[in-house]
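If you read the sequences in order, they're chains A and B.
In this text, residue positions in the first sequence follow this note's numbering: the first is 4, and each later residue adds one.
In this text, residue positions in the second sequence follow this note's numbering: the first is 2, and each later residue adds one.
For the record, the hints were derived by calculation from the structure and aren't laboratory data.
Cβ atoms here follow ideal geometry from the backbone N, Cα and C, with glycine treated the same way.
A portion of the hints provided could be inaccurate.
To be verified - Partial chain A-side listing against chain B, Cβ under 8 Å, derived:
(1) V65
(2) R71
(3) T94
(4) Y172
(5) N200
(6) P203
(7) R239
Claimed, not checked - Simulated restraints on C-beta separations:
(8) A:T140 / B:L14: 38 to 46 Å
(9) B:S44 / A:G8: 23 to 31 Å
(10) A:L196 / B:L30: 21 to 29 Å
(11) B:V43 / A:A208: 18 to 26 Å
(12) A:L178 / B:L30: 29 to 37 Å
(13) A:G47 / B:Q40: 44 to 52 Å
(14) B:A13 / A:L194: 36 to 44 Å
(15) A:K99 / B:V43: 29 to 37 Å
(16) B:L30 / A:R239: 25 to 33 Å
One-letter residues, chain by chain:
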Amino acid sequence: MRTFGSLLVRGLIVGLFAGLLAGTFAYVTGEPRIDASIAIEEAGAHAHTHAHEEDHHEDPLVSRDGQRAGLFLATSLYGVALGGLFAVAFTLLRRKLRTGNDAYAALGLAAAGFVGIVVVPFLKYPPNPPAVGDPDTITRRTVTYLLTLVIGLLAVWAGVALSRWAARYGDVARLAGGVAGLVGTVVAAYLILPGINEVPESFPATLLWQFRFASLGTQATLWLLIGFGYAVAVDRRPIRSKVAAA
Amino acid sequence: MAAPARSVAVPALSPKLLSVALLSVGLMLLLAYLVGFDQGAVSQSGMFLHELMHDGRHLLGVPCH
Ligand SMILES: [Zn+2]
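Use the sequences and the hints to build the structure in full.
Below you can see the structure in the form of structure tokens.
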């Protein structure tokens, strides 16, 4: 038996490492796309201000180099927060997950979190690089984004509940129930939620999707490492028998 | 391959555990808020922290400017 404190600390440490490595992935795949997006914005701004003789460029609060370093701070802190939340969810839900193996439970929980918190919001409101969004709609975009997080987790829950209910009719029904619960909830929510598309027509589609896949990959790295890291961290067998089992 | 360990490593639910868990959730959400959404209101850093973590916020899929 582990205490809650020990379960939580493991989650925080796993989250920190997952965040640092996700930051590395983001740095390699995402930063070139962010630079390219900013270059496009600045080219547009120059064309605009040309008539006003002078350039209205303010000094940025944080330099680009500072922001590149801040990327690691952001993913690390976010990783710590997610790792902590993951540990709490593991503690509270562990007995409801129908497996005798704590490592499998951690992996299943991470998969559920990734689908609910990353994949479902991504499909409705795919992320955009800087310099694309309209600042006036930030509140509306934030609210709808948070709604998709809640809906994503609800959809995962509905999928699990329906597949468990349908399991009495056989394995095919169990699978169909899970898919129906998940997809049904998502489709219903997507029809109700407003569509938001602020990317200008002129913005290159290739660059846009390269950025979006970099973002998806960053979050996949984060969740994959949280799942596997926690699976290892929570395993109570000594290292030697872990190696023997592998 | 060894048989999976039939162990459940978590303590039993109790009111005390629930209250500590809830407090932890609050702290973690505050941390996630500071990375993802704060524009100086909570951090009292003006827009500095917001700008510092701007690339990370966008790559983590959070809507921003
Ligand atoms: Zn912003």
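Evaluation of the provided hints:
The restraint placing V65 (chain A) at the interface with chain B holds, with a minimum CB-CB distance near 4 Å, inside the 8 Å limit. At about 7 Å, the closest approach between the beta carbon of R71 (chain A) and any beta carbon in chain B falls short of 8 Å, and the interface hint on this residue holds. The criterion of a C-beta within 8 Å of any C-beta in chain B is met by T94 (chain A), whose closest approach is roughly 5 Å, and the hint holds. With 8 Å as the threshold, the beta carbon of Y172 (chain A) stays out of range of chain B, its nearest partner Cβ sitting at about 27 Å, so the hint is violated.
At a threshold of 8 Å, the smallest CB-CB gap from N200 (chain A) to chain B is about 13 Å, leaving the interface hint violated. Given hint, P203 (chain A) at the interface with chain B, is violated; its Cβ is 15 Å from that chain's nearest Cβ, farther than 8 Å. Interface hint at R239 (chain A): satisfied, since its Cβ lies 6 Å from the closest Cβ of chain B, which is below the 8 Å cut-off. Checked against the hint of 38 to 46 Å, the C-beta distance between T140 (chain A) and L14 (chain B) comes to roughly 42 Å, which is consistent with it.
At roughly 27 Å, the beta-carbon separation of S44 (chain B) and G8 (chain A) lies within the given 23 to 31 Å, and the hint holds. In this structure the hint that L196 (chain A) and L30 (chain B) lie 21 to 29 Å apart at CB holds, the actual value being about 22 Å. Separation of V43 (chain B) from A208 (chain A) is about 37 Å and departs from the stated range, judged on CB atoms against 18 to 26 Å. As the Cβ distance of L178 (chain A) to L30 (chain B) is approximately 34 Å, the hint placing it in 29 to 37 Å holds.
For the pair G47 (chain A) and Q40 (chain B), the beta carbons lie near 24 Å from each other, so the given range of 44 to 52 Å is not met. A hinted range of 36 to 44 Å for the beta carbons of A13 (chain B) and L194 (chain A) is consistent with their spacing of about 42 Å. Here the CB-CB span from K99 (chain A) to V43 (chain B) is close to 33 Å, well matched to the stated 29 to 37 Å. At roughly 29 Å, the beta carbons of L30 (chain B) and R239 (chain A) sit within the given window of 25 to 33 Å.
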